[in-house]
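When you get a sec, could you build the whole thing from the sequences and use the hints?
As they're listed, the protein sequences go chains A and B.
First residue of the first sequence: 1, per full-length UniProt numbering; consecutive thereafter.
First residue of the second sequence: 1, per full-length UniProt numbering; consecutive thereafter.
What the hints contain is simulated information worked out from the structure, not anything from laboratory work.
The structure displayed is predicted, hence computed values, not measured ones.
Keep in mind that a hint or two might mislead.
[To be verified] In silico EDC-like cross-links for lysine to aspartate or glutamate, where the CA-CA straight-line distance does not exceed 16 Å:
id, chain 1, residue 1, chain 2, residue 2
1, A, LYS442, B, ASP381
2, B, LYS211, A, ASP523
3, B, LYS66, A, ASP523
4, B, LYS442, A, ASP445
Number of protein chains: 2
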Amino acid sequence: MEGTSDPYGGHNGSEILPPMQAVVVEAPQPAVVHKVMAQPAQSSASKMKGKVKETFFPDDPFRSFKGQPLKKKCLMAVKYVFPVLEWVPGYSLSLFRSDLIAGLTIASVAIPQGISYAKLADMPPLTGLYSSFVPPLVYTLLGSSRDLAVGPTSITSLIMGSMLQKGVSVSPSAEPTLFLQLALTSTLFAGLLQASLGILRLGFIIDFLSKATLLGFKAGAAIIVSLQELKDLLGIVHFTDEMNLVTVMASVFQHTDEWSWQTILMGACFLVLLLSARHVEGVAVGRTFASIKDYQVDGNKEMMAIGLMNIVGSCTSCYVTTGGFSRSAVNHNAGCKTAMSNVIMALTVMVTLLFLMPLFVYTPNVVLGAIIIVAVIGLIDLPAAYHLWKMDKMDFLVCLCAFIGVIFFSVQQGLAIAVGISIFRVLMQITRPRMIIQGNIKGTDIYRNVLQYEEAQRVPGFLILTVEAPINFANTNYLNERTKRWLEDESFSGNKQTELRFVIFDLSAVPAIDTSGIAFLIDLKKPTEKLGLEVNVACTCESNWRGHGENTTSERQT
Amino acid sequence: MEGTSDPYGGHNGSEILPPMQAVVVEAPQPAVVHKVMAQPAQSSASKMKGKVKETFFPDDPFRSFKGQPLKKKCLMAVKYVFPVLEWVPGYSLSLFRSDLIAGLTIASVAIPQGISYAKLADMPPLTGLYSSFVPPLVYTLLGSSRDLAVGPTSITSLIMGSMLQKGVSVSPSAEPTLFLQLALTSTLFAGLLQASLGILRLGFIIDFLSKATLLGFKAGAAIIVSLQELKDLLGIVHFTDEMNLVTVMASVFQHTDEWSWQTILMGACFLVLLLSARHVEGVAVGRTFASIKDYQVDGNKEMMAIGLMNIVGSCTSCYVTTGGFSRSAVNHNAGCKTAMSNVIMALTVMVTLLFLMPLFVYTPNVVLGAIIIVAVIGLIDLPAAYHLWKMDKMDFLVCLCAFIGVIFFSVQQGLAIAVGISIFRVLMQITRPRMIIQGNIKGTDIYRNVLQYEEAQRVPGFLILTVEAPINFANTNYLNERTKRWLEDESFSGNKQTELRFVIFDLSAVPAIDTSGIAFLIDLKKPTEKLGLEVNVACTCESNWRGHGENTTSERQT
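Have a look at this one:
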């Protein structure tokens, strides 16, 4: 019976309620009543089980285990934990050739980015390279995605750096060892948190970060990161610790005397060079990669893999890593076939660490700054923002708030503001649910929204209201006010013939109702009776309104 | 066109979307398609106006102003601000007689309660009486309720006392003047907050405190308050400052040597006396009062009145006051007709203040303790809790969490936990929306939930899915997983004849859809096409999916 599982809040067993009358309509032809089935009795425990299943296992990751012999089950379980076993047995030379090219390509991106991002997080450049070496190997064993290229990212680096400096007030220049220790400790805890969210199957929490929020957040972060690099691009020595737009710009223009034209020229040349190289592929990659993804990825399983990757990473001098979007896009576009490309990247980084490090350590800051700016500039997706504006102004507003919050306040506050607005909007959809008036389509027994269907006509004497939301404590007051307003509008029409006599609440689109909702329906009786009206409830669904002697429906067939 | 106002988040203008095909069903008889009307073009500004109206003015308080001459409008506006003008002109001697009796009755409750509650808030007894004198007069002018008796209440007194001691760490015994000043200042700010919530029409925020939350919260607060009074009832001198159950009970049993049998005996006698007197009316009053309320009260207007009452109160040595439920019940039961009963009460309290104060100031603490316990014990409503348990286990859980949070942690934390759970539950209803499979009722063109209607039969080759929630960022991942599970179940039936060919998403119960929702519907094409299925969208409502060349509906008439 999983078809109508009602994962949340369905009220049940209303033995206490007085039975409502079935609507008997004086139809020109004899009316046929389609009875609503009573729901089979179900214990609270089994209902709770259903809810827990829908909440934590909506993708039913263990469904293929069902009905398999024990040996097969064990093998599947091992493969579930180590997805590497899925592809290693069938691995061929031609696959390896693709992965080799992809791996070398992402390594060429990962090495300069590793060093640059480490600098962004105020960590030693070595840590950035370590982080592109150990975590990819762990991910190869545990991760299920075949395109994801893991390593440090600009936003995590920025957040970690600012968090340690602002939150714990540790200066990376005065106490470098303490700063590094704290960074590794927070990496460990980030990993523990990610892994436990995955194990507890709480990955759905991430759903509350809508695409619109992320769009604004990423663009804001890109600007904040770029602003930080102005220091290196202009050659400023005395620079602010703050990150918001106003303070940074003030700091830039207070120190015009420190601007060095040599640095600016060099930075500009590098920027132009890198940007023009990036123009050959950038946007296209992002698009193709986002739309192609035809293997199943279990989000919670991925979270566990990334969490474990960070736990192992923190023990081997790596700071927070995750799957970078731009790097994964490069990986995909370079033709990667399996997670082997991560191994190739890790080995290339290892070779660099062993033999080529001296060449990289002395990369001028201005070059690192240019690399970072080019890497983050791709996070600003103006066409997507314009698309949001065209599609949905509220989503655009959420995006804008995230953007403004990040650039004018801080990364954390910007994110908090945008998530808050998103959740508030969702709550508002519940708090102010849509109510529509239904009319009959002549010659049929279909009832439809009168404003939506030209053919739908109001039935004289009837007001058929449909509520399209769960009825609960958050909206009963509104429903009450709204209904009263309609009743007042309707009952003073003056025309005896079309005078309102019946009000029908069509609850077919109400998935759940709580005790406040029940109280609302019962309390409606008083004001409507005062107006000489009769209120009826129709099409209640099985999980809402079970247990009256007679089930109620307004359906009739003529 | 207010019938279908979609207060939140309705996405609009999807010019970017590829037009979806209309479902043409090979019906035995020629199919009749009922077209969905295109929504009249509406600017973003006018849509926003509609949303703002539904959010902040759902009760449309100024509707009666429409079409009136200016002079009448001004008069109505004055009456709106001072509801006292509604009843004063028609006030008669017989109304006054009723109000006199009610006023004297509530005064007899208000005087001992005023002194006791002031003690609970660690304020001088005089402040408690002042608070039953000035605020009722202000409320008479500004309030619209005819039953509400205003004054200090046990819970506000408790919260204010604990807030000042814990939050600001001011001891009422060491720094009595500072404590009093802080209390009056916080009363002023409470009043300002209430008044601005009312003026900004944000009163709906209170809707998030569900009845279940309040039930648990009140019961917990009653127990916390009663525990505080154990000090006086047992005659303990050294008592803890903490308020949670464990610490207070530990403190009670650590100081058994301080227990005084004389105090205990006196306290017990008073308790029995007061409880037996309270038994004559208590429960019945509460019930009748709650169900009778046939005049309209504008919640936001009331909030403004109560806010102004506290602002004025704070300037005249009164601490936080509000409409007390038990006192209002007494007022109603004593036959009050208008807010005049509050004036009578205020005058009686004034006489007490002027002439009888010496008699009251030396009321023994044990008597005050007994008065408080008797007043708060009525807040514990076990039958209502049992009713919740029978009706809705989740609501009972919310109630229980509020209760446990209050008695084991603190009043504020208990409230925060319960509100958090309530909101989480609402979010979960959105995050895990119900999806149902529709079937055709034979011989009709009605489609209904197959699990709910015995007669509803699945149409071979079709999977008709109805989503019953707004489709947005918070649930697109879930809808995706859930749909995939269904498709996998359905597409391996093996039977060629009943093989699934079409999937129809019936969106008639979807009040709003955001950009993530649109992306979900578009992204569905890929996995379903791989399975050889065709996906169609039906019954989209006007606010969701406007602007394709051809509107889509699956309705057909045979």
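So, going through the hints one by one against the coordinates:
no. : hint                    : verdict
1   : LYS442(A) <-> ASP381(B) : violated (51 Å)
2   : LYS211(B) <-> ASP523(A) : holds (14 Å)
3   : LYS66(B) <-> ASP523(A)  : violated (29 Å)
4   : LYS442(B) <-> ASP445(A) : holds (13 Å)
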